[in-house]
Amino acid sequence: MNISKSIKTDLIEKIMFFVIKFLSYLVILFLLFILVFIFQKGISAISWDFLFKMPKNEMTEGGILPAILGTIYLIIGSALISIPIGVSTAIYLTEYAKSQRVVKIIRLGINNLAGVPSVVFGLFGLSLFVFFLDFGTSILAGSLTLGILNLPIIIRATEESLQIVPHSFREASLALGATKLQTIMKITVPNALPGILTGVMLSLGRAAGETAPIMFTAAVFYTPDLPTSIYSEIMALPYHIYVMATSGVHIQETRGIQYGSAIVLIFLVLLFNSIGLYLRYKFKKRLS
Amino acid sequence: MSNKNLLTRNLLYDKIAEKAFYIIGFSCIFILFLITFFLFKEGLPIFGEIGVIDFIFGKDWYPTSEPPHFGIAPLIIASVFVTLLAIIIAIPISLAIAIYMSELATPLVREIVKPTIELIASIPSVIIGFFGMVVVAPLLQEYFDLDTGLNLFNGALMLAFMVIPTIASIAEDSISSVPLSLKEASYALGSNKWQTIFFIILPASLSGIWTAIILGISRVIGETMVVLMVCGGAAIIPTSIFTPIRPLTSNIAAEMAEAAVGDSHYYALFMIAVILFFLTFGFNILAHYLTNKYKFKTN
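Line by line, the protein sequences are chains A and B. Numbering of the first sequence is given in this note's numbering, commencing with residue 806 and proceeding in unit increments. Numbering of the second sequence is given in this note's numbering, commencing with residue 42 and proceeding in unit increments.
These are computed hints drawn from the structure, not numbers from a lab. A portion of the hints provided could be inaccurate.
Listed below are several chain A residues computed to face chain B (Cβ distance under 8 Å; list not exhaustive) [as the list claims (entries may be wrong)]:
no.: 1; residue: I839
no.: 2; residue: V841
no.: 3; residue: I896
no.: 4; residue: G914
no.: 5; residue: V925
no.: 6; residue: L956
Here are some, though not all, of the chain B residues that point toward chain A, as calculated from beta-carbon distances under 10 Å [to be verified]:
no.: 7; residue: I65
no.: 8; residue: I134
no.: 9; residue: I164
no.: 10; residue: E264
Backbone N, C-alpha and C fix where the C-beta goes; we use that ideal spot for every residue, glycine too.
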């Protein structure tokens, strides 16, 4: 009786572990399937001309250079906003803030900012940057919107890595007569740098891939010219994929261009993310 | 003398820096206030034309007809349905991954599986939406013999895939923080590994799992590009899981470009953003509350 019961529980265990493993690998397989499928369909579209030429014939032929450049401008612009503000906020939280209540409130604010839907950021950017500050649909407005969107990622990563830097490092520096600012700039931040860079890389990847925040603030369907200033409107990769796939009269004919653009976008995003993950891996190893 | 100058200069820098960090430290709170202010500024005028009740419970969304109808009930229902279905699909899979990573996988497998799952979170939503359009939609259409494969079910599938890393990683944190003594007690009483996981570890990490689910819901309800590309876009109240729908987020993204500034349509779209903002705000506060409760429990 007892033996048959134990056989039964063992069987249940086997079945459940199989289900758990099956579901885990199913998700990974699905991810691989998406990547391989898009790669297979789009690789024939990728060429020198595709990456470095302007579009032709109502974007049914030619390259996607303006979309690639636009995305790169947005990545740089958003980083210029989010890195200084994000890192400074994290320094304030870990090094300066004395009241735990203030830290709690700010952290709650950061969490809520991280949870705001991206399309809401887009409307906020439209109302504040495009209309109220009169930047128009521009690189500037899009970068500001994406920069704010990315703040929480950078703050969290910086905070985590600053907290890992041992207290003895700071105390040694202060004991040598360095001021608090000198300690932060020359000891604490340099030691936390790989962790901070991880956050920066992840945020750059996000800035490259976000669509909704730039739909109304920076990106347009088509521009005949490359951008000339931060007030220029631009094309951007994710928005380009979206419009090519959903609107216009050439949806079926331009599938090749759509897959090709998707490959370029995935490549950009994965590049930033793998650098980020690699840095984190190194950082963790060094500390342990 | 010059040393003394240097010292006073450094101390001055130190003072200035402290003040600057203090001001920047509050930037996130300031930005949250800015967002609230500007959303309300552009959204509130809609209530000059239509009552709150008619706006939220109105069954017709015809923003460009004459006279226009601004009832967002079909959009709210669409958002709720697609979110619920996505979460129902995502929960068992995410928990399986969380259990696999924290209890079953060898350290080496874990080192590979964990970053791979995290990779999913980094795939841009426009790519997932694109895949749903070109691959999943034709499959659904053929297999279930539908008018269109762009519908609620397709959207829920894609959203579930997107949200799995969020739920799995938070749930995993909470599962791995279950004290070893609890597991040892369970093994000592003769339970096998699965019984320990199911009857001891999962219940002990339940509030962490709830936090994961709530943050997942918050993420899904705010996701825009996937539902915009994959859900079909019909502003009707869904009758089956294969009805084309138009959730709140996709409605904003689809119509903002055609709404004239200062028009009631424009105000209505901003009001929808206000609702989304406070919905996700509420879910985040709830998740925060649950996490704190959980911390208290393990201490």
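Hint check:
1. Here the hint on I839 of chain A is kept, as its CB sits about 5 Å from the closest CB of chain B, short of 8 Å.
2. Annotation: interface hint on V841 of chain A violated; nearest CB of chain B at approximately 11 Å, more than 8 Å.
3. Taking 8 Å as the C-beta cut-off, the interface hint given for I896 of chain A holds, the closest approach to chain B being about 6 Å.
4. A distance limit of 8 Å between C-beta atoms decides the matter here; for G914 of chain A the minimum to chain B is near 4 Å, and the interface restraint holds.
5. Annotation: V925 of chain A was flagged as interfacial toward chain B, and the flag holds, the nearest CB pair being 5 Å apart, inside 8 Å.
6. For L956 of chain A, the suggested interface contact is upheld, since its CB lies about 6 Å from the closest CB of chain B, less than 8 Å.
7. Taking 10 Å as the C-beta contact cut-off toward chain A, the hint placing I65 of chain B at the interface holds, the least distance being around 4 Å.
8. Evaluation of the I134 of chain B hint against chain A yields a held restraint, the C-beta minimum of about 5 Å falling below 10 Å.
9. A distance limit of 10 Å between C-beta atoms decides the matter here; for I164 of chain B the minimum to chain A is near 7 Å, and the interface restraint holds.
10. About 7 Å separates the beta-carbon of E264 of chain B from the nearest beta-carbon of chain A, less than 10 Å, and the hint is met.
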